[in-house]
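S.K.: As they're listed, the protein sequences go chains Y, L and D. Following my numbering, the numbering of the first sequence begins with 1 at its first residue and continues without gaps. Following my numbering, the numbering of the second sequence begins with 424 at its first residue and continues without gaps. Following my numbering, the numbering of the third sequence begins with 718 at its first residue and continues without gaps.
Just so you know, these hints were derived from the structure itself, not from any lab. Quick caveat: nothing in here was measured; it's all calculated off a predicted structure. Among the hints, a few may not be true.
[Unchecked claim] So, partial list: chain Y residues that the calculated Cβ filter (under 8 Å) puts toward chain L: (1) N72; (2) V86; (3) R90; (4) Q92; (5) Q93; (6) D95; (7) I352; (8) S355.
By construction, the Cβ of each residue, glycine as well, lies at the ideal position given by its N, Cα and C atoms.
The residues making up each chain are set out below.
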Amino acid sequence: MRFTRRAAVAVVGVAALLAASACGSSDGSSGGGSGSKKVEVFTWWADGGEKAGLDGLVAQFGKDCAGQEFVNGAVAGGAGANAKNVLASRLQQSDPPDTFQAHAGAELQDYIKAGQVEDLSADYDTWGLKTAFPAGLIQNLTVDGKIYSVPANIHRANVVWTNKKVVADAGITDDPKDMASFIADLDKLKAKGIKTPLAVGKDWTMLMLLESVLITDLGADKFTGLWNGTTDWNGADVTKGINDFKTLLTYTNTDRDALDWTDAEKLVMDGKAAYQLMGDWEAADMDAKKFADYGWFTFPGNGDTYQWLADSFVLPKGAKNVDGTKCWLKTVGSADGQKAFNTKKGSIPARIDASPADYPKYQQAAMADWKTFKQVPSCAHGSGCSQGFQGAANSALGAFSTNQDVAGLQKAMATAASQFAAK
Amino acid sequence: MTTVAVPPAAVESLAPRRKAKRPFGPASIVKYALAILFLLIVLMPLYVLIVTSFKSGGDIGVTSQWNLPEHWTTASWVKAWSSLRDSFFRTFQLAIPVAVISSLIGAANGFVLSRWRFPGADVVFTLILFGMFIPYQAVMIPLREIVTTLGIPPGIPTLVFVHCIYGIPICTLIFRNYYATTVPEELVEAARVDGAGLLRTFGWIILPISIPGFVVTIIWQFTSAWNDYLFAIFLSNTRNGPITIALNALAGAQSPDYAASMAGALITSLPTLIVYVLLGRWFIGGLMAGSVKS
Amino acid sequence: MRRLRHWGPGLLLLSPSLILLAIFVYGLIAWTTKMSVSDQHTALKSNGFVGLDNYKNLFTNDIQDRFVHSLRNLLIFTVVFLVGAMLFGLIWALILERGVRAEGFFRTIYLFPMAVSFVASGVVWRWLMNPVVGDGAGGINALFASLHLDFLQNKWWTNPTWGMAAMAMPAIWQLSGYVMALFLAGFRGIPQELREAAAMDGASTYRLYRNVIFPQLTPVALSALIILGHMSMKMFDLIMSVSGPQWLTEVPAVYVWQTLLTSDYAKAAAISIVLLLLVAVVIVPYLIYTNRAEKNS
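Chain Y extracted, bound-state conformation (with noise of 0.2 Å):
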């Protein structure tokens, strides 16, 4: 076996590289170490409207906590559906980053009860919180009397979103109230040529969709109950819900589960479809990208239904930089940091001392709704479900949109809850 030269130099080059790299290795290249005054921000807020609010709010912590550097320690996937398996990772390498972003509510509980979040009650009370928040919302933060993490915001999930112009070229002048009439309008699009007027993408965009339906068809506390464990999931009420569910699904793209919410927006800027549900995240999404053509409604039936969830931060286990992450959780907490974040994020400020003449057009809406609604939870996003839960319940609507199989996905979400189900 003859060595060519170019083999020779290569193997000069790799040689020279290992070199190269055993010297560069030494140079501290884990970054983040203890001491440091760096703060890592965990979130999936990377993109648009997401990644605008949180520019805001680091604006804000560059002021209020001089000396501390932001990390962004972004990863995009919508709903956190990648972001979660990073987080999860990290938590379980004991490495995890010096805040992250949880989901208010029985998501939340997942990581207290593993004990990878630290008690804040002592903080509450220097930082003055425990008023500046709904009691409501303090509860969902709370595990045996203690305050685990800082609320950043509320959004609301059971939104419709239109393009304008598609809508009235195809003569609908109202909003549809419910579920017929809104069967009808997408009867209307249909006729006027747009195919798939309901845009929607992969598994938990589905969820969110059924979860509508099902405030429609079962009422707000009936609804509640099925992610506690109180409403039995076998009912003939849920049985039409999922019906009513698999007659919409009929109006969507079939290419749903190649999609992320974002390619399902896409459909509605471009007017390839007419509707979609989604979180009133999307209303910042479309403005950053200056789209400024939408409109909204409740979804049909919900009436006087606020489904909410919250985006919180919590101080992690092992933190590096303990210091650093509380100015972090107080800018979060602080009235200016809600308004220099919510004011992009299209959510509404959790404080309830914040003034609506702040805001854009739709959060001033929703902040007058959010104080005279009803309050349901979400279970795609974490408020009314566990992480085992949204993963089961993910995965089932994952199968129903191929097999569109009723009997099913009702079994299937039932045996979810029966093992999943917070009593």
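Once you have looked at the hints, place chains L and D on chain Y.
M.R.: Just chains L and D, lined up with the frame of chain Y:
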């Protein structure tokens, strides 16, 4: 039938036995047409990667992906490089030590197993080989538990350790077969007569003639450490992990920047492709060695 | 004592590797097995012994038969992948074996995908397999449209029944060249005299391949099948990269990852062990067979 053709020999045997000098008939037109058609199919994804990575703005789109860029720009390359740079260098710190260390271990094991037929050697060898085929999921959960319990930080050093261990079977196999077929018994015997012990024989007589074997294992281990995703996702993260993790974060995003993703995929593949082009013959040797028998 | 002196140094050199493999392969497999018969379903410790319940639940009590579904996906993927890669590999090897000019060039191109990681190739295959059909089609579907082959357009991996067959395409693309290289080495390992003898007997080209050459390639084909087969059963990177984890394309390796996300260690361990058994059923007889064949030679 010998177990595993010695890789270099297998490569030599890839060389055509005779030159094609027959006149062009209909059969050979079909042959060339097929060869070129398959060539185009194989190159198709590469074409899309390259043209998309130089596109910008409205040029980028699923429906226009076969078109050449209207305006060529390297902006996406710059963007992809800035988000992959750190992990790119980290991956060298992973792949190079893995390649060198596991090759050395493999050479030692291969030498012993090719010369010392101790009782049960076959069983031991088979047990070692099985380690090459296991689905790593079957060890991953406790592995991560050990790593975290011992307080070993996730990242490159941990991955180096793990890749070296799970690289032992393949490297041992390659070297065992290399030594079994290319090192004459007399050479080892002569050394023994001269009074050289096992270690001396290995270090002074065997290692110097092992370079072809080393080239194969180094390429093999370098490539598999570079391309690994499973170990990486379990034992490291975007902050301290190799480039496959970083690429997945860049390209797996919601409404990802397609041009940057494609540029990133090319950047990620560049080192292994360079190894492949420069050392192609030995690279193929490594692939052949992966088959237990040929 | 003399035996020890004879084998001692060799065993000494070998022993660190043996110890490491004993711990990190067999020890950890035992640990995973132990976990799979426990009830550790959360991040919290709990180590009750539940026998084979976790396995039983996977096959009989999993929500929507998720595990069985993932096995079915794996089966479709494996069959299509093996058949596809073997077929293309054989055709390419045959073309090159018949002799073409610039053979090295063709060989290099056919083989290059092997150097690319699944994570990187997944980026482009996700795009090529765009599921939109008709107007707004992209990727391969757009290519079909421009070639007036619209009837070939399909939904690729989002097809509920045969999606996994499409998912095998990138894997076939990546590994056909490998199979080609194996077959090519096999072809060229056949002694020239055999061919000449057949030619003297007046055998046609077809008969030459059918009766003389292909039988000689059986061991090559077998090892190619084994290598591809065990890669297929472990398939993870490609699916994570093309579709992400979701029901439609879930295989056991991805299911393990999804289960770990919710810290259900016992269930994840049980799936992993089933996966290991599937691989072992194929590999162990093969290793024993190889071992025996070697002794007989």
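S.K.: Under the criterion of a CB-CB separation shorter than 8 Å, is N72 (chain Y) in contact with chain L as hinted?
M.R.: violated, 11 Å
S.K.: Is the interface hint satisfied for S355 (chain Y)? The criterion is a beta-carbon contact with chain L at less than 8 Å.
M.R.: violated, 32 Å
S.K.: Taking the closest Cβ pair, is I352 (chain Y) under 8 Å from chain L?
M.R.: Cβ of I352 (chain Y) sits 32 Å from chain L, so the hint is violated.
S.K.: For the restraint on V86 (chain Y), tell me whether the closest CB of chain L is nearer than 8 Å.
M.R.: Check passed: Cβ of V86 (chain Y) comes within 6 Å of chain L, closer than 8 Å.
S.K.: Could you check if R90 (chain Y) really has its C-beta closer than 8 Å to a C-beta on chain L?
M.R.: Since chain L brings a Cβ to about 5 Å from R90 (chain Y), closer than 8 Å, the hint holds.
S.K.: Double-check Q92 (chain Y) for me: the hint is only fine if its C-beta lies closer than 8 Å to a C-beta in chain L.
M.R.: holds, 6 Å
S.K.: With a cut-off of 8 Å, does the beta carbon of D95 (chain Y) approach a beta carbon of chain L closely enough for the hint to hold?
M.R.: Nearest chain L Cβ about 5 Å off; hint holds.
S.K.: Double-check Q93 (chain Y) for me: the hint is only fine if its C-beta lies closer than 8 Å to a C-beta in chain L.
M.R.: Interface hint status for Q93 (chain Y): holds (4 Å vs cutoff 8 Å).
Checked against the numbered hints given earlier, the structure breaks hints 1, 7 and 8 and satisfies all the rest.
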